[in-house]
Amino acid sequence: MKNLVESFYQRHDVLLIAKELIGKSLFSYIGKTLTAGIIIETEAYRGPEDRACHAFNHRRTLRTEVMFHDGGIAYVYLCYGMHNMLNIVTATSGIPHAVLIRAITPTHGLETMLQRRNKMKVDRTLTNGPGSVCQAFGITRDHNGLSLQGPTLWIEDTDLKVDPLQIIATPRIGIDYAGPDANLPWRFVYYSKRT
DNA sequence: ATTGAGATTATT
DNA sequence: ATAATCTCAATC
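Sequential numbering from 1420 applies to the first sequence in our numbering.
Simulated from the structure, these hints should not be mistaken for lab results.
Each hint should be verified, as a subset may be incorrect.
Stated by the list, open to error - In silico DSBU-like pairs for lysine-lysine, Cα to Cα no more than 30 Å straight-line:
1) Lys-1580 x Lys-1443
2) Lys-1438 x Lys-1580
3) Lys-1443 x Lys-1421
4) Lys-1421 x Lys-1438
5) Lys-1421 x Lys-1580
Keep in mind that this is a model prediction, so the values were computed, not measured.
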């Protein structure tokens, strides 16, 4: 297991990075507890030219500011007034690319995740949506702009071998307002046989 | 100052 | 299908 280095995040092909993040391991050490899981679903948001991206047309606000920074940090924002969303900022300064983490399969800290999610049993709903992932991992807007080199939030490589054929590309979720860009197949789902 | 809508989730 | 809930940006 090895922490992904800055140069991994600072490449300029956000679609490639979104695909490569599938099968990696997301860690958080928050509230004195370690939680971790394998990333199984991502979405790419490609800066100025992507109508679905918050930073479309270089829209630069308090919220989108961190997307313009160098890759390798977290972009966390609030959606629908109640859900935190975790994004990975990629590319380099001035290029607002990001990858939304939509789902993981839990590996560590299951107890903590259940508590945070207010659930009794581990099931598919524990961490299968961007809001759920953040809640289970304890990630909030307080972690906006945080470095992914740790010690609070980071991503490690794994021994898991991901066959490219197991990654399915589909249109992104919940962005009907983006016009033609709503059809771009920039959502990536890891397809594995399940019980 | 007000308003409308959003990268969602859990429940009816 | 819909309520819950709050930030942002566009408009007055």
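Status of each hint after checking the structure:
1. Lys-1580 x Lys-1443: Satisfied, since the Cα-Cα distance of roughly 10 Å is no more than 30 Å.
2. Lys-1438 x Lys-1580: With a Cα-Cα distance of about 13 Å, the restraint between Lys-1438 and Lys-1580 holds, given a limit of 30 Å.
3. Lys-1443 x Lys-1421: holds, 10 Å
4. Lys-1421 x Lys-1438: Distance ~18 Å between Lys-1421 and Lys-1438 Cα, so the pair holds.
5. Lys-1421 x Lys-1580: holds, 15 Å
Checked against the numbered hints above, the structure violates none of them.
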